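Chemist: Keeping the supplied structure of chain Z fixed, place chain B with the ligands upon it in accordance with the hints.
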Amino acid sequence: MIEVISDSRCIDCNICVEVCPTDVFEAVDGGHPVIARQSDCQTCFMCEANCPADALFVSPLAGPAPAGSPLTDETFLASQGRFGEYRRWLGWGYGRRPGSLQDRNYVFVERIRRAAEVGEVGEVGETNGQPRPPGHVPHPGS
Amino acid sequence: MSRRRATPAVVPGEVDVLVLGGGPAGTWAALEAATRGQRVALADKGYCGTSGSTAAAGNNLWYVPPVGSARQDAIAAREVAGGHLTERQWMERVLERTWDAVQTLADWGYPFPVADNGEQRRNSLQGPEYMRLMRRRVRRAGVVILDHSPALELLVDPDSVVTGAAGIQRQRAGTRWAVRAGAVVLATGGCAFLSGALGLNVDTGDGALMAAEVGAELSGMEFSCQYGIAPAFGAQTKGLMYQFAAFTDAEGAELAGGLFPSGLLDVQRAALRTQVYARLERAEPQIRQAMRWSQPNFFLPFDKMGIDPFTQRFPIRFVLEGTVRGTGGLRLVDDECATTVPGLFAAGDAASREPVTGAISGGGSHNGSWAISSGGWAGAAAARFAAGRPTGWSTAPLRPAGGPGLRPRGHHIVGPRADDVVAALQSRVLPLEHNRFRTEQSLRDSLAVLDSLWSAVVDGLAPDSSDAHAVVRSREAAAMLAHARWMYRSALSRPETRGVQVRDDHPDTDPALVHRIRVGGLDRVWTAVGEARPDTHPQARVPGALAQMAAS
Ligand SMILES: Cc1cc2nc3c(=O)[nH]c(=O)nc-3n(C[C@H](O)[C@H](O)[C@H](O)COP(=O)(O)OP(=O)(O)OC[C@H]3O[C@@H](n4cnc5c(N)ncnc54)[C@H](O)[C@@H]3O)c2cc1C
Ligand code: SF4
Ligand code: SF4
Numbered sequence: 001m002i003e004v005i006s007d008s009r010c011i012d013c014n015i016c017v018e019v020c021p022t023d024v025f026e027a028v029d030g031g032h033p034v035i036a037r038q039s040d041c042q043t044c045f046m047c048e049a050n051c052p053a054d055a056l057f058v059s060p061l062a063g064p065a066p067a068g069s070p071l072t073d074e075t076f077l078a079s080q081g082r083f084g085e086y087r088r089w090l091g092w093g094y095g096r097r098p099g100s101l102q103d104r105n106y107v108f109v110e111r112i113r114r115a116a117e118v119g120e121v122g123e124v125g126e127t128n129g130q131p132r133p134p135g136h137v138p139h140p141g142s
Numbered sequence: 001m002s003r004r005r006a007t008p009a010v011v012p013g014e015v016d017v018l019v020l021g022g023g024p025a026g027t028w029a030a031l032e033a034a035t036r037g038q039r040v041a042l043a044d045k046g047y048c049g050t051s052g053s054t055a056a057a058g059n060n061l062w063y064v065p066p067v068g069s070a071r072q073d074a075i076a077a078r079e080v081a082g083g084h085l086t087e088r089q090w091m092e093r094v095l096e097r098t099w100d101a102v103q104t105l106a107d108w109g110y111p112f113p114v115a116d117n118g119e120q121r122r123n124s125l126q127g128p129e130y131m132r133l134m135r136r137r138v139r140r141a142g143v144v145i146l147d148h149s150p151a152l153e154l155l156v157d158p159d160s161v162v163t164g165a166a167g168i169q170r171q172r173a174g175t176r177w178a179v180r181a182g183a184v185v186l187a188t189g190g191c192a193f194l195s196g197a198l199g200l201n202v203d204t205g206d207g208a209l210m211a212a213e214v215g216a217e218l219s220g221m222e223f224s225c226q227y228g229i230a231p232a233f234g235a236q237t238k239g240l241m242y243q244f245a246a247f248t249d250a251e252g253a254e255l256a257g258g259l260f261p262s263g264l265l266d267v268q269r270a271a272l273r274t275q276v277y278a279r280l281e282r283a284e285p286q287i288r289q290a291m292r293w294s295q296p297n298f299f300l301p302f303d304k305m306g307i308d309p310f311t312q313r314f315p316i317r318f319v320l321e322g323t324v325r326g327t328g329g330l331r332l333v334d335d336e337c338a339t340t341v342p343g344l345f346a347a348g349d350a351a352s353r354e355p356v357t358g359a360i361s362g363g364g365s366h367n368g369s370w371a372i373s374s375g376g377w378a379g380a381a382a383a384r385f386a387a388g389r390p391t392g393w394s395t396a397p398l399r400p401a402g403g404p405g406l407r408p409r410g411h412h413i414v415g416p417r418a419d420d421v422v423a424a425l426q427s428r429v430l431p432l433e434h435n436r437f438r439t440e441q442s443l444r445d446s447l448a449v450l451d452s453l454w455s456a457v458v459d460g461l462a463p464d465s466s467d468a469h470a471v472v473r474s475r476e477a478a479a480m481l482a483h484a485r486w487m488y489r490s491a492l493s494r495p496e497t498r499g500v501q502v503r504d505d506h507p508d509t510d511p512a513l514v515h516r517i518r519v520g521g522l523d524r525v526w527t528a529v530g531e532a533r534p535d536t537h538p539q540a541r542v543p544g545a546l547a548q549m550a551a552s
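In the order they appear, the protein sequences are chains Z and B.
Throughout the first sequence, residue numbering follows this note's numbering, covering 1 to 142 in sequence.
Throughout the second sequence, residue numbering follows this note's numbering, covering 1 to 552 in sequence.
Calculated from the structure, these hints are not laboratory results.
Being a predicted model, the structure only gives us computed values, none of them experimental.
Hints are all accurate, no fakes.
These stretches of chain B come out as covered by chain Z in the derived footprint (C-beta under 8 angstroms, 3 or more residues): (1) 43-56; (2) 112-122; (3) 199-205; (4) 239-246; (5) 293-304.
Which chain B residues stay away from chain Z? Per the calculated CB distances, all over 10 angstroms, these: (6) Val11; (7) Arg88; (8) Ala396; (9) Pro397; (10) Glu433; (11) Thr439; (12) Ser442; (13) Ser452; (14) Ser465.
All C-beta atoms, glycine included, are put in the ideal place defined by N, C-alpha and C.
Next comes chain Z alone, as it looks inside the complex:
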């Protein structure tokens, strides 16, 4: 869940207010937005991806971080390079290359597909012991 809006980094652009799919933030006239409905946060990291100032930290926990958790401690998180982390992977921001250029999902999907062909993949009883048809991908979900 969203835990931190950094006071020192935020430039009040309200992009996070706009892009959060579950409307967690609330704009504040003349100030930083606030986390108004944390319990509605679905931990999708989209606000982090879109914040131009690397001012947000979304903790990976499905619930609120316990009191005193380092996941709410801005100084600690900054020292670990946690702000703007998802943006770096996506390659979003000035002067960066899109991370998708390094997407190798095809390798991992292909790996499963080939395993299915040679029968290494034992989906549960799916073909009842009969040979698998060629090219069968047992839908890995990604």
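Modeler: What follows is chain B with the ligands alone, placed relative to chain Z:
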């Protein structure tokens, strides 16, 4: 003074095509309608470009080149895996359409990776990049985008033709919106019951509820029990990388492993009695960086927790993805993605994906291709329908069709609270013991609870209309409850194990049940036999005794 980037769009009073939902299905639909010179508006509950399953998760596609027998092989394989509920003609169309659409994405500049041979590899779309691009194209096409504007109900004309929708603007103090439209495309995604699975809390099945209120029917709702694997601390249900996992129980004994989590069903069964752990120990060190670049949203949560998933064992849990990575949804009646209701078209996860995924999850490649294809078809058909409407639709009186969770029938009853309704229905649909491993008894027990909840909701669930979030939540509660009842009634009508449905009291696949199951109704939920042996492939075989369990 804080800055606003852009002034939010003005709600148009009338358009030709109104698209509800702005994920891949909705954006492809809007583009297709707009290219035909139609006035188009798209309303999303959240924000078109970040909202929904694809934006957060990303999509590997069902993307097969038109080379040799590749497509026929892929189709034949799916017919078997999908329990013979697929349709060859739909699969062919989807493969073709996806191929073309991906070319379009390349032309628009989607940054596809380039393989060693210098060719682009185009079978994967990273969510944030893909949906940001789709938003840009939709805007450029002149579509009016209404963000943070969940639709609450459909509007029908005196002939019961769907002629628009109405909703609420939750970032504008709950101002109501209503748009008259010549046709409506429902692309509101599936229903994941607020389980928290990656990006899915916007997908609460609102579209199917709205459609059912005007008489639409559904299909495949028994195949709605897809669970994703997530680290226990979170709910990020990206699954592909678990092909490198070894799964162990609390004592450290190995439950399953291998190249692919072969015995995933066994692992889920084990999860009923023990905490299950995983470790991606089978990934060779030299491929780990490529794994990270491929699925940064899989690794991000571990990095933030300071866990190295390659070397450290971490507890996992199974999170319901409902109909998003299940199969069921609104039943389409023709190639154009029409529903059973005139003026109403459906696309993406809002529609049943049985034609291309059959009885198993399509959430590893087929769903994304289906969203692209069905979105395009639905958008085009809606545009044609709108253009062909007799004059007069612009001025016909419209009736709002919304009921449960919006307009309680009882007047003096103290109704249930939406949050309590959600908690109660979740207790019957989220746990593996109720939904993964089904028996007639457990289904009936669940339905008893859900049916009485439904009566209470219909009579008395009344949101505080001054609170936009409460209004939306109330409607979502009703939609999820309707889904739970459709899902379990359908499951009762399929006394066998097929695809993702596992019936512990009927562990075999019954050759007599190679047909789809239609379902519909709200107060009284009915089921009926649907298309029988839609897959008429001559060599069709009945799949094996146990469900195919993909590592979705
Ligand atoms: C973790 C995960 C990984 C996946 N990986 C793959 C994969 O690799 N390959 C694949 O093919 N599929 C995959 N899927 C499935 C795939 O993402 C979906 O099938 C696809 O997103 C469906 O597109 P859609 O447009 O129908 O729905 P969504 O993308 O979910 O979009 C629905 C939209 O409707 C909006 N909405 C909801 N209710 C309303 C309302 N009342 N009014 C207005 N708008 C509303 C939502 O805000 C949302 O923007 C995955 C799913 C998950 C959960
Ligand atoms: S997006 Fe970032 S910089 Fe902009 S208001 Fe939100 S936190 Fe501040
Ligand atoms: S993580 Fe997602 S749901 Fe949570 S605040 Fe950010 S954008 Fe909103």
